[in-house]
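Visitor: Spelled out from the first residue to the last, the chains are:
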Amino acid sequence: MSGQTGTDLRASDAALIQKIVQRDESALAALYDRYASLLSSLLNRILRDTQASEEILQDVFFQLWMNAAQFDPARGSLPGWLTVIARNRAISRLRRHTPSAGEELRETTVIVPVNLENAITQQQLLGRVMGALGNLSTEQRAAIELAYFEGLTHSEIASRTGDPLGTVKTRIRTAVESLKRNLLS
Amino acid sequence: MNGHPTRPEDFDLYALGVLEGEEKAAIESHVPTCAECATRLAEARGRIGLLAFSAPRVEPSPTVRERLMRQIHASVEGAEAQRAQREPERAGGFFGRWWAAVLVPACILLLFVAARLRNENERLSRELAQEQATLQQQQKQLDEALHAQALLESKDTVSVALAQQPGMPKGDVRVMYNSKMGMAMCDGWVEPAPANKSYQLWLVPKDGKPISAGVIDGGPINPWTVKLPQGMAAKAFAVTLEPAGGMPQPTGPMVLVGPVT
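Residue numbers (this note's numbering), protein chains in the order written: chain A, 87 to 271; chain B, 6 to 266.
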């Protein structure tokens, strides 16, 4: 069946996934409208290349369409999963590395502490994330951004910034502790 | 080592992707064997994934959605065609051929009618999908217009005129800002940005680091509203010249600036 069935835009992610399994194209369109902006922003921040970002954005949602039956909403958050997959693919593209994409749906379970299904929650979360990042020192924030948006490891960050490896490790660990505390508060 | 990681932050560091060597291998060898740690890693992935919200907002082009919908529609049609191709192979033997001989003319007629009905159904489905997309777009525009109206009508909204800085590209940008609502609207114009560069608008708070309020293309600015942290005491708004797509913090020269009074 390939019918557009007039998907309720307020439907939960789990309900939309179920409809995608039944080949309802409008359910995928609804999920795209819900999360494409978040993923597009992330991809453009990592790649700084509109065309490459849009290719990955389309590919991530097409993979969701093809493999929706393997995604169990009870085991994790869909936007969390989409974000992890988009980031992994963008960083792989950045580093010219081919990921093992076939395992993504089955193995990457992501639990997000809030429900991201509506735009208001997303806006509130934006404020909380920016606040949590604002509490970091300049060096901590730079290190976190090098790791998250450029996919650098401890030693690569040390090499990039010229700081000792131990300093970088401590800086990132304390930054992560602070983020964890502030994001959950 | 194949025991539980000793420090709870190890899961977040793994999700962030900074671990390497033995530290990384220790998590990768332990987690598949431990449900409790698998859950902790899933939670860490979720927390770290929230950093995606700090990326400057970039809306995808509408053509991406169109291409995606065409792609999935084609995949559905391809699957149906394959299924239809396999069906005749299942009919076999004498009775299969006899019944086939009797039913072929009727089936051809039915297929003809069904194909016409299917085409009609698909046409209507496509039109419905387009209508839904249009409706959704209109709803989004309406929401933005209502936000803009509320911003402009509020007594707490201040107007900030951004002045060109010496030797910088020309521009005339105005920001309407409401701290209580946590919202700003920007309009005006600015000279086209140099190749591989973008202008970026920043809220400069009285305390703390600048907050990105969006990336601006050169030329006339289509007025847009942007959500900012509520209750933020702003000192100024500024436009800087950044690498294309914008940066999390300003790195380039200040092109325009205006104090919030």
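Worth flagging that the hints you see were computed from the coordinates, not collected in a lab. These figures come from a predicted structure and were not determined experimentally. Take the hints with a grain of salt, since some may be wrong.
Below, a sample of chain A positions facing chain B; criterion: calculated Cβ distance under 10 Å [as the list claims (entries may be wrong)]:
1) 103
2) 107
3) 127
4) 166
5) 167
6) 247
7) 249
8) 253
Quick look at which bits of chain A chain B covers, simulated, 3 or more residues with Cβ under 8 Å [claimed, not checked]:
9) 111–122
10) 145–159
Result set (DSSO-like, lysine-lysine): computed pairs, CA atoms no more than 27 Å apart in a straight line [unchecked claim]:
11) B:202 <-> B:214
12) A:266 <-> B:202
13) A:266 <-> B:232
14) B:240 <-> B:214
15) B:202 <-> A:255
Glycine residues also receive a C-beta, built at the ideal position from the N, C-alpha and C atoms.
Visitor: With reference to the structure, classify each hint as holding or not holding.
Guide: Hints versus structure:
1. A hinted interface residue such as residue 103 (chain A) counts as satisfied when its beta carbon comes closer than 10 Å to some beta carbon of chain B; here the least separation is about 14 Å, so the hint is violated.
2. The beta carbon of residue 107 (chain A) comes no nearer than 13 Å to any beta carbon in chain B, farther than 10 Å, and the hint placing it at the interface is violated.
3. Interface restraint check for residue 127 (chain A): the shortest CB-CB distance to chain B comes to about 4 Å, inside 10 Å, so the restraint holds.
4. Interface restraint check for residue 166 (chain A): the shortest CB-CB distance to chain B comes to about 5 Å, inside 10 Å, so the restraint holds.
5. The restraint placing residue 167 (chain A) at the interface with chain B holds, with a minimum CB-CB distance near 9 Å, inside the 10 Å limit.
6. Because the smallest distance between the Cβ of residue 247 (chain A) and any Cβ of chain B comes to about 13 Å, over 10 Å, the interface hint for this residue is violated.
7. Taking 10 Å as the C-beta contact cut-off toward chain B, the hint placing residue 249 (chain A) at the interface is violated, the least distance being around 13 Å.
8. The interface hint given for residue 253 (chain A) is broken, as the beta carbon of that residue sits about 13 Å from the closest beta carbon of chain B, more than 10 Å.
9. Given as covered by chain B, the segment 111–122 of chain A passes the check, having 7 residues with a CB less than 8 Å from a CB of that chain where 3 are the minimum.
10. For the segment 145–159 of chain A, the assignment as covered by chain B holds, since 4 residues bring a beta-carbon within under 8 Å of that chain's beta-carbons and 3 suffice.
11. Between residue 202 (chain B) and residue 214 (chain B) the alpha-carbon distance is near 22 Å, which keeps this suggested pair within the 27 Å criterion.
12. Among the hinted pairs, residue 266 (chain A) with residue 202 (chain B) is inconsistent with the structure: their alpha-carbon atoms are about 34 Å apart, more than 27 Å.
13. For the hint linking residue 266 (chain A) to residue 232 (chain B), the alpha-carbon distance of about 24 Å falls within 27 Å, and the restraint holds.
14. At most 27 Å may separate the alpha-carbon atoms for a hinted pair to count; residue 240 (chain B) and residue 214 (chain B) meet this at roughly 11 Å.
15. Between residue 202 (chain B) and residue 255 (chain A), the direct Cα distance comes to roughly 33 Å. Violation of the 27 Å bound is thereby established for this hinted pair.
Hint compliance for this structure: hints 1, 2, 6, 7, 8, 12, 15 are broken, all remaining hints hold.
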